[in-house]
Amino acid sequence: MNRGLDRRAFLGVGGAALICTIGGKTVALRNPEDVAAADAYARSIERPAAAAAQKAKPKPPATDVHNPKDAVDGLSFGTPQPQPGGQVREYWIEAKSLAWDVAPTGWDQFMDHAIPKPRTFRAFAYRQWSEGFAAPLGPAGIPGPTLEAEVGDVLRVHFRNGDESFGQAVTMHPHGVRYTPDYDGAYYGAYTRVGGFIAPGEEFTYTWEATPDAVGVWPYHDHGPNETLNTHRGLFGSIVVRERGARRPDVETFLFFHAFAPSITKIRRNLQCVNGRVAAGNTPTVRAKVGQDVAFHTFGGDDMLHTFHIHGHRWRAADGTFTDNQPVGPMTSVTARWTEDNPGRWLYHCHVLSHMDAGMTGWYLVEP
Amino acid sequence: MNRGLDRRAFLGVGGAALICTIGGKTVALRNPEDVAAADAYARSIERPAAAAAQKAKPKPPATDVHNPKDAVDGLSFGTPQPQPGGQVREYWIEAKSLAWDVAPTGWDQFMDHAIPKPRTFRAFAYRQWSEGFAAPLGPAGIPGPTLEAEVGDVLRVHFRNGDESFGQAVTMHPHGVRYTPDYDGAYYGAYTRVGGFIAPGEEFTYTWEATPDAVGVWPYHDHGPNETLNTHRGLFGSIVVRERGARRPDVETFLFFHAFAPSITKIRRNLQCVNGRVAAGNTPTVRAKVGQDVAFHTFGGDDMLHTFHIHGHRWRAADGTFTDNQPVGPMTSVTARWTEDNPGRWLYHCHVLSHMDAGMTGWYLVEP
Amino acid sequence: MNRGLDRRAFLGVGGAALICTIGGKTVALRNPEDVAAADAYARSIERPAAAAAQKAKPKPPATDVHNPKDAVDGLSFGTPQPQPGGQVREYWIEAKSLAWDVAPTGWDQFMDHAIPKPRTFRAFAYRQWSEGFAAPLGPAGIPGPTLEAEVGDVLRVHFRNGDESFGQAVTMHPHGVRYTPDYDGAYYGAYTRVGGFIAPGEEFTYTWEATPDAVGVWPYHDHGPNETLNTHRGLFGSIVVRERGARRPDVETFLFFHAFAPSITKIRRNLQCVNGRVAAGNTPTVRAKVGQDVAFHTFGGDDMLHTFHIHGHRWRAADGTFTDNQPVGPMTSVTARWTEDNPGRWLYHCHVLSHMDAGMTGWYLVEP
Chain W
151 MNRGLDRRAF LGVGGAALIC TIGGKTVALR NPEDVAAADA YARSIERPAA AAAQKAKPKP
211 PATDVHNPKD AVDGLSFGTP QPQPGGQVRE YWIEAKSLAW DVAPTGWDQF MDHAIPKPRT
271 FRAFAYRQWS EGFAAPLGPA GIPGPTLEAE VGDVLRVHFR NGDESFGQAV TMHPHGVRYT
331 PDYDGAYYGA YTRVGGFIAP GEEFTYTWEA TPDAVGVWPY HDHGPNETLN THRGLFGSIV
391 VRERGARRPD VETFLFFHAF APSITKIRRN LQCVNGRVAA GNTPTVRAKV GQDVAFHTFG
451 GDDMLHTFHI HGHRWRAADG TFTDNQPVGP MTSVTARWTE DNPGRWLYHC HVLSHMDAGM
511 TGWYLVEP
Chain L
151 MNRGLDRRAF LGVGGAALIC TIGGKTVALR NPEDVAAADA YARSIERPAA AAAQKAKPKP
211 PATDVHNPKD AVDGLSFGTP QPQPGGQVRE YWIEAKSLAW DVAPTGWDQF MDHAIPKPRT
271 FRAFAYRQWS EGFAAPLGPA GIPGPTLEAE VGDVLRVHFR NGDESFGQAV TMHPHGVRYT
331 PDYDGAYYGA YTRVGGFIAP GEEFTYTWEA TPDAVGVWPY HDHGPNETLN THRGLFGSIV
391 VRERGARRPD VETFLFFHAF APSITKIRRN LQCVNGRVAA GNTPTVRAKV GQDVAFHTFG
451 GDDMLHTFHI HGHRWRAADG TFTDNQPVGP MTSVTARWTE DNPGRWLYHC HVLSHMDAGM
511 TGWYLVEP
Chain B
151 MNRGLDRRAF LGVGGAALIC TIGGKTVALR NPEDVAAADA YARSIERPAA AAAQKAKPKP
211 PATDVHNPKD AVDGLSFGTP QPQPGGQVRE YWIEAKSLAW DVAPTGWDQF MDHAIPKPRT
271 FRAFAYRQWS EGFAAPLGPA GIPGPTLEAE VGDVLRVHFR NGDESFGQAV TMHPHGVRYT
331 PDYDGAYYGA YTRVGGFIAP GEEFTYTWEA TPDAVGVWPY HDHGPNETLN THRGLFGSIV
391 VRERGARRPD VETFLFFHAF APSITKIRRN LQCVNGRVAA GNTPTVRAKV GQDVAFHTFG
451 GDDMLHTFHI HGHRWRAADG TFTDNQPVGP MTSVTARWTE DNPGRWLYHC HVLSHMDAGM
511 TGWYLVEP
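Residue numbers (our numbering), protein chains in the order written: chain W, 151 to 518; chain L, 151 to 518; chain B, 151 to 518.
Derived from the structure by calculation, the hints contain no laboratory data. Treat the hints with caution; some may be incorrect.
Where chains are identical, the list cannot tell them apart; a pair therefore holds if satisfied intra-copy or between any two copies.
[To be verified] With a Cα cut of at most 30 Å, we get these calculated DSS-like pairs of lysine-lysine:
1. K219 to K416
2. K175 to K219
3. K219 to K267
4. K416 to K439
5. K175 to K267
6. K175 to K246
7. K246 to K439
8. K416 to K175
9. K219 to K246
10. K246 to K416
11. K267 to K439
12. K439 to K175
Keep in mind it's a predicted model, so treat the numbers as computed, not measured.
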């Protein structure tokens, strides 16, 4: 903990404070003490009775004057199967906290300067494992693995809360795909269903459908009782649903534009990140060759407005206009796709200049 | 007045201060004293000479060196009539301040906790009355009544400023529909026309046309001399213009996502609201059944970016892409519409997580 | 320098501070001292070796451990020529600082009040000159001149950094048009190419292509080593690329919605501007007649979300919906175009009400 940093010091460099509501209190996350308090509350939250009832099949919860049950809360749901011709796509994913270096090279190549220490903090990430959680598939990352499906498929995601550091329930909540309330992966207070509260050490299998209207590029993220804090710590990833048999781009990149708040990192700087890292050289360097079909999918991964801008290129937006700089809102995505024709070194960045200067940049290298 | 709350206390929980320009001063609305000063200025503003001239037909105003008149300022305008086959749709609407409870149940069902007192402040709302202001049609609400028309119709809105508490002129300014300058409902300083300054106790009838390019879902709101403050107090509502004979959705909901600033409410919390209320259980609980045609129309009702996200559903955006989370800017709207096929309890919310945690949430209950 | 203004005074009226990264330091531009420090750093930045190498053809730069060269950094590029039937469109443009009055009339006609002094600060602007920099074509302005081309043309822009006041390198970086890395006009640290660092007193000729997918309305702006600060000082302008032979609108207006930060202006007010000016009467007054083809192109010129709203009109957005209020993100544009049919005096403004109140307004006068 950095001593001697007052509230304003943290707020000042990070802009407006995050607001987090947890365990009956609304906390403005202005400094590390606020975050510690929110985490303490989160650890004290017990499994909602409704979710427990579904899990262990005990007697239904007692009447709750503040949370009257509706007929829809008594519904039961099956587990969806693939459509004819579709497949089950299985993933094993663990949520775990880890020491995360926001700038492994220690250098900002775009602005050509050193990035001062400290650069490491305790983040929270989704990590992919092989079948049956036999072995991790590579290191944990921010964002988590990309889940892929085609229309008619079912995503079966075996999720494990493997974290012991923060000691609180987390989940996986998907966008875009279809799910029943049991697989929503969202804490709803007294109305929480089984998938919405996965305590440390527990596992849960989510089943999500790739319906025809799920075609697109979507985020998933934590939606447990401490969602705001844990999502901002790195618990997010991407889902792509394609038409059956659709061609993958030759080069396909998924970028989250998001900030790590000073109150969370205990680092007294505004860290505007791409995929958990700050500044070209640390963020993804994407490579392509002239003639390739190239796609950049960019997500807003925090509470701010960002834009995806890349030098030397333009593309047709969904509304038919040409663009080289598309706004992207919180937990939405935009896709830029083109046939490559412009060799050289190019910068991609958020066009909020304060974000660009605080690290939201990366390289795109095109060979002839 | 809450004593002992300094400026930073209010600014801190509410984020950036509202800026309000009124009566020759720009005021950052950081605390209740600022708001009181702005209101005092607003009460001192006299009816602009131009608006008075149109009202009472006295001699034209004297030459004003700062505000030279243009030829267009001397134009006269008629009152539009419906197109062949169209109708006059009449409404009687009063603006009046009222004590407003932001959380009547005192409970946040999404996060399952009590919402502390104080929860009530003096808001400003539009209220619908029966013909000739004979009797109120239900209680005053935030937002005000939804005005409906079809292409070719004319909306005739009898407006009364029935407020004595704030003691200042207010108006109704519509989006989307066509109007002449007299029915613009906007204060323009020395260029204000009759509909732009409705003093306490006065009435004015606005006439607005539902032209073919007015099809859509639009806001209306105060645009008097103290617009910023009074709109943020609750003076807004919705207009829907449909194609002639268009089918109404089976379930149609109009949601304003907006904050009540601490300086306005004198409540030391960031109140992120849906339709003037915070948190699921207080905000609208929307009900539908499988098979119904369901539409959610969401407006940005303040100065911030919001998004409309709802669990378990996705829909086709106007640009042809599928979405489950659409950004919505200040005083714009987005429409999400689908045929219901997914029973259960679902949360809708703004995906700015700080807004979600501060109350911008609600329930959507779908029966099989 | 206004003495006695503490950090909070500047931050308070301007909202969140700009973040600027320059010369190895990240600076939150909260007050004039921060800006002076950023400028001092910017003046100390030497021409990157790679850019120098391209310019003077000396031996290649020594190995740089932090900035390893990639094969793409060794590529050479030609200078594009027009397509068959296309033309070379030549412009001579100088960047120079100047004393800039944000409100020449001293009056806000929309709110009918005086705008207090001080109203002048040292801005940075692009100014158009006649062929060979023979003579300036009118006064310097914010935004800079609009560059026009049709598909198949080449824009040849002779750029001169004519500023001696700030003493630092600036550039012109275009959106939308196609360019090779040499004509990107962007500082990339050690990877900077010739067009990315134009020191005081230097000239450089950019060549940009109007490809078929460059059709649209685009910004250009500084992208030198102190981009954030100098763009926010006024170094931006517009580019329009039309289909070959496309008809120009009868009335065509290019509006930048942007703030001048108090730390930059040393003026203790939040100046929300249109084209460098605050408040109707100082910002562009646009005139048209019934029957004319009218286009408003609006750009976001800073780090904030703005919207373009105009009274009495609506138009079809690119996605096919009707709108009267379109959000516009940082360095993106939206176009509103209609056949005029509604005479009178109309206000255009940003619908972020705090921005409207702080000056982001203007008049549109329509004659019958």
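Results of checking the hints against the structure:
When the C-alpha separation of K219 and K416 is checked against a cutoff of 30 Å, the pair qualifies neither within a copy, at 42 Å, nor between copies, at 34 Å. Proximity of K175 and K219 under a CA criterion of 30 Å is satisfied intra-copy only: 24 Å inside one chain copy versus 52 Å between copies. In this assembly of identical chains, the alpha carbons of K219 and K267 lie at most 30 Å apart only when taken from different copies (25 Å versus 52 Å within one copy). In this assembly of identical chains, the alpha carbons of K416 and K439 never lie at most 30 Å apart, being 40 Å within a copy and 48 Å across copies at closest.
In this assembly of identical chains, K175 and K267 lie within 30 Å of each other by CA distance solely across copies; the values are 13 Å between and 33 Å within a copy. When the C-alpha separation of K175 and K246 is checked against a cutoff of 30 Å, the pair qualifies only within one copy, where the shortest distance is 25 Å, while the shortest distance between copies is 33 Å. Taking identical chains as interchangeable, the C-alpha atoms of K246 and K439 are never at most 30 Å apart, the minima being 36 Å within one chain and 39 Å between chains. In this homomeric assembly, K416 and K175 come within 30 Å of each other (Cα to Cα) both inside a single copy, at 22 Å, and across copies, at 19 Å.
In this assembly of identical chains, the alpha carbons of K219 and K246 never lie at most 30 Å apart, being 34 Å within a copy and 36 Å across copies at closest. Proximity of K246 and K416 under a CA criterion of 30 Å is satisfied intra-copy only: 19 Å inside one chain copy versus 41 Å between copies. Proximity of K267 to K439 under the C-alpha cut-off of 30 Å is found in neither arrangement, the shortest distances being 36 Å within a copy and 56 Å between copies. Taking identical chains as interchangeable, the C-alpha atoms of K439 and K175 are never at most 30 Å apart, the minima being 52 Å within one chain and 35 Å between chains.
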